[in-house]
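Engineer: This is what each chain is made of:
Number of protein chains: 2
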Amino acid sequence: MDASLINPFIKATLNVISTMSNINPKAGKPTVKTSSDAWGIVTGVIGMAGQDVMGNLVISFDEASILEIVSAMLMENFQDINQDVVDAVGEITNMICGGAKKDLSELGLHIEMATPVMMIGKGLELAQFSKAPVISLQFLTQKGAFVVESNLSRRS
Amino acid sequence: MDASLINPFIKATLNVISTMSNINPKAGKPTVKTSSDAWGIVTGVIGMAGQDVMGNLVISFDEASILEIVSAMLMENFQDINQDVVDAVGEITNMICGGAKKDLSELGLHIEMATPVMMIGKGLELAQFSKAPVISLQFLTQKGAFVVESNLSRRS
Chain D
13 MDASLINPFI KATLNVISTM SNINPKAGKP TVKTSSDAWG IVTGVIGMAG QDVMGNLVIS
73 FDEASILEIV SAMLMENFQD INQDVVDAVG EITNMICGGA KKDLSELGLH IEMATPVMMI
133 GKGLELAQFS KAPVISLQFL TQKGAFVVES NLSRRS
Chain H
13 MDASLINPFI KATLNVISTM SNINPKAGKP TVKTSSDAWG IVTGVIGMAG QDVMGNLVIS
73 FDEASILEIV SAMLMENFQD INQDVVDAVG EITNMICGGA KKDLSELGLH IEMATPVMMI
133 GKGLELAQFS KAPVISLQFL TQKGAFVVES NLSRRS
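From first to last, the protein sequence lines are chains D and H. The working numbering puts the first residue of the first sequence at 13, with every later residue one more than the last. The working numbering puts the first residue of the second sequence at 13, with every later residue one more than the last.
Any given hint could turn out to be false.
[Said to hold, decoys possible] Over the 10 Å line for every Cβ pair with chain D, so calculated as not near, a few chain H residues:
(1) Asn19
(2) Thr105
(3) Ile123
(4) Gln140
[Stated by the list, open to error] Straight line, CA to CA, 30 Å or less: simulated DSS-like cross-link-like pairs of lysine-lysine:
(5) H:Lys143 to D:Lys114
(6) D:Lys155 to D:Lys38
(7) D:Lys23 to H:Lys155
(8) H:Lys143 to D:Lys113
(9) H:Lys114 to H:Lys45
(10) D:Lys113 to H:Lys155
(11) H:Lys114 to D:Lys143
(12) D:Lys41 to D:Lys155
(13) H:Lys155 to H:Lys38
(14) H:Lys41 to H:Lys143
(15) H:Lys155 to D:Lys45
(16) H:Lys114 to D:Lys134
(17) D:Lys143 to H:Lys134
(18) H:Lys23 to H:Lys114
(19) D:Lys45 to D:Lys134
(20) D:Lys134 to H:Lys38
(21) D:Lys155 to D:Lys134
(22) D:Lys113 to H:Lys113
(23) D:Lys113 to D:Lys143
(24) H:Lys114 to H:Lys38
(25) D:Lys114 to H:Lys38
(26) H:Lys113 to H:Lys41
(27) D:Lys45 to H:Lys23
(28) D:Lys45 to D:Lys143
(29) H:Lys41 to H:Lys114
(30) H:Lys134 to H:Lys155
(31) H:Lys41 to D:Lys134
(32) H:Lys155 to H:Lys113
(33) H:Lys143 to H:Lys23
(34) D:Lys155 to D:Lys23
(35) H:Lys41 to D:Lys114
(36) H:Lys41 to D:Lys143
(37) D:Lys114 to D:Lys45
If you are wondering where the hints come from, they were derived from the structure by calculation, not from laboratory data. Note that CB positions come from ideal geometry on N, CA and C, so glycine has one too.
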């Protein structure tokens, strides 16, 4: 993945989370992911596909961060990963990808978005079938953390 | 999902599995999926995105069917879901989607493909964030079974 391709995802993540929940996560530094675990307890994945680029956006939340974010988004105190929380992960995944799509387009990279899938469970294995490196960023909220990963890359 | 959109996936599944492994699976009847489980023990997901349509292709294998197929594909006796088997699921997912893409294009529906992700583990929850119904088809091999699911639908 071109390092320049990660910035639209960082910007969109900060925008979407703060707009939806009034929570301002702190972004860590991008790293290259070497493991194939899903990181968190609930994970959204959305495919991105254009004539020139392809890949996935993955967003994986620990329990504390997603309950904090969705409770603030929906103004209700969620204590378990229930259907509403899982749907909110789909919505967040979609919105972050939509925000990044706009900025990628300004870089001349046009993508269309597939629809999100959400995986629930601890210690899941999630592998990517792609030669492109997976760039991973951790974000801290007050109560927990989540990661945003992308392997978006130019078609060879 | 338009019922007419499922046929390219059935045809591509039969083509890819028989070409790659010389195994000829028997296709069941399409049903609408109502649960949100991942069905099998190893599952490939690939996003599909075009200007007019969007969705995911999901292929989930039980242990017996994927070991049978990959053993035949790679002419080696696989007894566990190891990295080679997981990579083969990615390859199969990619090839089935590529085959369906060609036929969908002849129906006037142009998609670009994202890259596959593979999830490993029994009893995983896998939910779709999409209003389109998920059409599911079970395929039987000599030793096991797998399912192919798609929620490809027109953008509203």
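Engineer: Hint compliance check: list the failing hint numbers for this structure, sorted ascending.
Structural biologist: Hints 2, 3, 4, 7, 10, 15, 16, 20, 25, 27, 31, 35, 36 are the ones this structure does not satisfy, whereas the remaining hints hold.
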